[in-house]
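Keeping their order, the protein sequence lines are chains A and B. The first sequence begins at 1 in the working numbering and counts up one residue at a time. The second sequence begins at 255 in the working numbering and counts up one residue at a time.
Hints in this document: simulated from the structure, not taken from any laboratory. A hint or two may mislead.
Unchecked claim - Computed list of lysine to aspartate or glutamate pairs in EDC-like fashion (alpha-carbon distance at most 20 Å, straight line): (1) 246/A - 537/B; (2) 241/A - 173/A; (3) 122/A - 173/A; (4) 501/B - 527/B; (5) 242/A - 527/B; (6) 247/A - 312/B; (7) 241/A - 537/B; (8) 242/A - 326/B; (9) 465/B - 326/B; (10) 18/A - 380/B; (11) 18/A - 312/B; (12) 242/A - 324/B; (13) 241/A - 312/B; (14) 246/A - 502/B; (15) 408/B - 364/B; (16) 496/B - 469/B; (17) 242/A - 173/A; (18) 531/B - 550/B; (19) 247/A - 474/B; (20) 246/A - 326/B; (21) 246/A - 527/B; (22) 18/A - 350/B.
What the hints assert, rightly or not - Cβ-Cβ distance ranges computed for the label pairs, FRET-style: (23) 322/B - 33/A: 34 to 42 Å; (24) 238/A - 480/B: 40 to 48 Å; (25) 312/B - 166/A: 31 to 39 Å; (26) 449/B - 95/A: 17 to 25 Å; (27) 236/A - 555/B: 35 to 43 Å; (28) 364/B - 43/A: 42 to 50 Å; (29) 95/A - 438/B: 28 to 36 Å; (30) 294/B - 18/A: 34 to 42 Å; (31) 322/B - 111/A: 52 to 60 Å; (32) 41/A - 294/B: 55 to 63 Å; (33) 249/A - 324/B: 16 to 24 Å; (34) 312/B - 170/A: 33 to 41 Å.
In this text the structure is predicted, and so the values were computed from the model without any measurement. Even for Gly, the Cβ is constructed at its ideal location relative to N, Cα and C.
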Amino acid sequence: MNTRRIWGMMYQSTIIMKRNMFRFFDITLWPLILFLSLTLFVKYLDQGEVILGTVILGVTGWRAVYHAQIEFSQNYMDQYWSGMSGHFLISPITLGEFIVANIIVSTFKFAFVGTLYFLLAKFLFNHTFVNLPLIWIGLLVLGLFGIILGLITLGICFIFHENAFAVSFILPDLIVLWSGVYYPIDVFPGVMQAIAHFFPTYYGFEILKASVGMGTINIPWLIGTMLIWLVGAVLFLSWAKKYTMKKGLFAKLN
Amino acid sequence: MNALHIENVSKIFPGAKKPTLNNVSFSIQEGEIYGLLGPNGAGKTTIISIIAGLLAKDTGNISVFNYNIDQESQKIKQIINVVPGFSHVNSSLSVDEFLAVYAHMYNVKDWQKERDSVLKRVELKDKRSTQLNELSSGYKQRALLAKALLSKPKLLLMDEPTVGLDIEIAIKIRALIKELQTQGYTILLTTHNMLEVEELCDRIGLINNGKLVAEGTIKEIKKLVVERNGIEIECEDPITIKKVFEKESYTLEVKSMSTGCIIYVKEYKHIKEIMKKLAARKEKVYSISIMEPTLEETFIKLTERKRK
Numbered sequence: 001m002n003t004r005r006i007w008g009m010m011y012q013s014t015i016i017m018k019r020n021m022f023r024f025f026d027i028t029l030w031p032l033i034l035f036l037s038l039t040l041f042v043k044y045l046d047q048g049e050v051i052l053g054t055v056i057l058g059v060t061g062w063r064a065v066y067h068a069q070i071e072f073s074q075n076y077m078d079q080y081w082s083g084m085s086g087h088f089l090i091s092p093i094t095l096g097e098f099i100v101a102n103i104i105v106s107t108f109k110f111a112f113v114g115t116l117y118f119l120l121a122k123f124l125f126n127h128t129f130v131n132l133p134l135i136w137i138g139l140l141v142l143g144l145f146g147i148i149l150g151l152i153t154l155g156i157c158f159i160f161h162e163n164a165f166a167v168s169f170i171l172p173d174l175i176v177l178w179s180g181v182y183y184p185i186d187v188f189p190g191v192m193q194a195i196a197h198f199f200p201t202y203y204g205f206e207i208l209k210a211s212v213g214m215g216t217i218n219i220p221w222l223i224g225t226m227l228i229w230l231v232g233a234v235l236f237l238s239w240a241k242k243y244t245m246k247k248g249l250f251a252k253l254n
Numbered sequence: 255m256n257a258l259h260i261e262n263v264s265k266i267f268p269g270a271k272k273p274t275l276n277n278v279s280f281s282i283q284e285g286e287i288y289g290l291l292g293p294n295g296a297g298k299t300t301i302i303s304i305i306a307g308l309l310a311k312d313t314g315n316i317s318v319f320n321y322n323i324d325q326e327s328q329k330i331k332q333i334i335n336v337v338p339g340f341s342h343v344n345s346s347l348s349v350d351e352f353l354a355v356y357a358h359m360y361n362v363k364d365w366q367k368e369r370d371s372v373l374k375r376v377e378l379k380d381k382r383s384t385q386l387n388e389l390s391s392g393y394k395q396r397a398l399l400a401k402a403l404l405s406k407p408k409l410l411l412m413d414e415p416t417v418g419l420d421i422e423i424a425i426k427i428r429a430l431i432k433e434l435q436t437q438g439y440t441i442l443l444t445t446h447n448m449l450e451v452e453e454l455c456d457r458i459g460l461i462n463n464g465k466l467v468a469e470g471t472i473k474e475i476k477k478l479v480v481e482r483n484g485i486e487i488e489c490e491d492p493i494t495i496k497k498v499f500e501k502e503s504y505t506l507e508v509k510s511m512s513t514g515c516i517i518y519v520k521e522y523k524h525i526k527e528i529m530k531k532l533a534a535r536k537e538k539v540y541s542i543s544i545m546e547p548t549l550e551e552t553f554i555k556l557t558e559r560k561r562k
């Protein structure tokens, strides 16, 4: 691991975000719209502090998954769209260094959004977060799963380039919704409920819900499913890289 | 020492009927400019992409300064760099920022000083704050060249570096390539520009349909297609000269034209005797030259020969 290469990657991501207003919206406007649309609706329905807390934590957890995973494909696609991926891929940066750089950048982005949510909840709804350690653990679990998802979407982007970028947006949203983000998974048909048990996000959101007394914590299943996804993601990414190199699907130099 | 050694490298893309590279072998010595010459689709960029680590070969061995590409690709990436041709770099990074990013990627020591130095070298100092997507193609090419030089690569891969550039910039880039050689750089240059090859390369490899058709110095390569040694004489009285030289033992044939004649001889060394005789006879001669095929003609002949 070379810290200078990691820093180089982070420096590049920061400048690109600074130059692109729409990229900046990703940590300001879009998270605000998501937060306000849901919390204001709950407030209007007057469902009480616990439900409001569940929704706030759910939205925050959703962003933890989103930021952790989108950074990988977005950063790679930035290289691709700007015609730089050839230069980037021939440089000595390793996949491991690229991953670490993205984890650091996404952590900062999520920290920004999380703070924004915390302040909004505090000042807009006078909401008090209870059981903070549990919230931290829940967010960490969701962030870790976001990273695992990021490895998968990065592998998909290696092969399909821009055609796969939409997957980076759809995949986390689909899994988050399937994991019972603000609601129990009992609302789903039986098969969907069974499948939801294989998403670590389900256990992550349960931890967040447990902080307001509404979820059950299942550590063995959380670790088990997380490990299965991690191994699967690493194997898939490594296969995708080899497949892309064999087929010549990485960007051309010219 | 071999800067690059390629041995029996083959590559067939999945689904393709013919291999893109078919048992290609060649070596480049340290400090040499080696030209890989061939038409579009011959396999030149495929070779560069494999060396650079963008593409996997199917078979064969590649080593760069004795580092094996299969086991030590990370070390190779640290000592090579690539200058592509006609690159659509469209980043919002400024030239300075772009070079800063790659200085970190290649772990360049004292990088700010090095950056200033390469910017000066490629004459890009006044554009250092301009974003890459706002540069013209010539300036973009200079920025890519600056990026490649920043890491002081031991082997520089240049993939048609002057294609699509206007003459003035192309000349400057060619001069820079020549200058780099004097500073010890080893360069693999791919091109289909024959003049560029003649001007820059110490040795060349001719590649066609994924096969290396011929390899050597330009002189050696041209020799491969010379069927008869012709000496062209521009003179006032071609008919007389024809008559005189037809009788010589070393002459195979003499062809006269309106402006002179061509004497086909057994060996080029007979040019001395021809010159002596012309001088003794006080013939009015304007020029004498050895007839050499152009690199283009050589390439066409060699590829035709392989086809047959």
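We went through each hint and held it up to the structure:
1. Distance restraint check for residue 246/A and residue 537/B: the Cα-Cα separation of roughly 66 Å exceeds the 20 Å cut-off, and the hinted pair is therefore not satisfied.
2. Restraint check: the Cα-Cα separation between residue 241/A and residue 173/A comes to about 25 Å, which exceeds 20 Å; the hinted pair is violated.
3. For the hint pairing residue 122/A with residue 173/A, the CA-to-CA distance comes to about 26 Å; that exceeds 20 Å, so the pair is violated.
4. For the hint pairing residue 501/B with residue 527/B, the CA-to-CA distance comes to about 13 Å; that is within 20 Å, so the pair holds.
5. Taken as a hint, the residue 242/A and residue 527/B pair is broken in the structure, with Cα atoms around 64 Å apart against an allowance of 20 Å.
6. Of the pairs offered as hints, the one joining residue 247/A and residue 312/B holds, with about 11 Å between alpha carbons and a cut-off of 20 Å not exceeded.
7. For the hint pairing residue 241/A with residue 537/B, the CA-to-CA distance comes to about 72 Å; that exceeds 20 Å, so the pair is violated.
8. Under the criterion of a C-alpha separation no larger than 20 Å, the hint pairing residue 242/A with residue 326/B is consistent with the structure, at around 16 Å.
9. Only pairs whose Cα atoms come within 20 Å are accepted, and residue 465/B paired with residue 326/B is rejected, the gap being roughly 26 Å.
10. Distance restraint check for residue 18/A and residue 380/B: the Cα-Cα separation of roughly 23 Å exceeds the 20 Å cut-off, and the hinted pair is therefore not satisfied.
11. Between residue 18/A and residue 312/B the CA atoms are separated by roughly 42 Å; this puts the pair beyond 20 Å, and the hint is violated.
12. For the given pair, residue 242/A sits about 13 Å from residue 324/B by alpha-carbon distance, which is consistent with the 20 Å threshold.
13. Pair hint residue 241/A plus residue 312/B holds up; C-alpha atoms about 15 Å apart against a cutoff of 20 Å.
14. Only pairs whose Cα atoms come within 20 Å are accepted, and residue 246/A paired with residue 502/B is rejected, the gap being roughly 62 Å.
15. Distance hint between residue 408/B and residue 364/B is fulfilled; the C-alpha atoms sit about 18 Å from each other, no more than 20 Å.
16. For the hint pairing residue 496/B with residue 469/B, the CA-to-CA distance comes to about 37 Å; that exceeds 20 Å, so the pair is violated.
17. With a C-alpha separation of about 28 Å, the suggested pairing of residue 242/A with residue 173/A is violated against the 20 Å cut-off.
18. Of the pairs offered as hints, the one joining residue 531/B and residue 550/B is violated, with about 34 Å between alpha carbons and a cut-off of 20 Å exceeded.
19. Straight-line distance between C-alpha atoms of residue 247/A and residue 474/B comes to about 36 Å, which puts the hinted pair past the 20 Å bound.
20. Distance restraint check for residue 246/A and residue 326/B: the Cα-Cα separation of roughly 18 Å lies within the 20 Å cut-off, and the hinted pair is therefore satisfied.
21. Between the alpha carbons of residue 246/A and residue 527/B the distance comes to roughly 60 Å, so the proposed pair goes past 20 Å and is violated.
22. Among the hinted pairs, residue 18/A with residue 350/B is consistent with the structure: their alpha-carbon atoms are about 16 Å apart, no more than 20 Å.
23. Our hint of 34 to 42 Å for residue 322/B and residue 33/A is violated, since their Cβ atoms are close to 53 Å apart.
24. Checked against the hint of 40 to 48 Å, the C-beta distance between residue 238/A and residue 480/B comes to roughly 53 Å, which is inconsistent with it.
25. Checked against the hint of 31 to 39 Å, the C-beta distance between residue 312/B and residue 166/A comes to roughly 33 Å, which is consistent with it.
26. Roughly 42 Å separates the CB atoms of residue 449/B and residue 95/A, a value that falls outside the hinted 17 to 25 Å.
27. Between residue 236/A and residue 555/B the C-beta distance comes to about 51 Å, which lies outside the given range of 35 to 43 Å.
28. At roughly 58 Å, the beta carbons of residue 364/B and residue 43/A sit outside the given window of 42 to 50 Å.
29. Remark: the range hint 28 to 36 Å for residue 95/A to residue 438/B is upheld by a beta-carbon distance near 32 Å.
30. Distance hint for residue 294/B and residue 18/A: a CB-CB separation of about 40 Å, consistent with the stated range 34 to 42 Å.
31. A hinted range of 52 to 60 Å for the beta carbons of residue 322/B and residue 111/A is inconsistent with their spacing of about 43 Å.
32. Range check, residue 41/A to residue 294/B: Cβ separation about 60 Å, and the 55 to 63 Å hint holds.
33. At about 20 Å, the beta-carbon gap between residue 249/A and residue 324/B stays in the expected band of 16 to 24 Å.
34. Against the hinted window of 33 to 41 Å, the Cβ-Cβ separation of residue 312/B and residue 170/A comes to about 35 Å, which satisfies the hint.
Checked against the numbered hints above, the structure violates hints 1, 2, 3, 5, 7, 9, 10, 11, 14, 16, 17, 18, 19, 21, 23, 24, 26, 27, 28 and 31; every other hint is satisfied.
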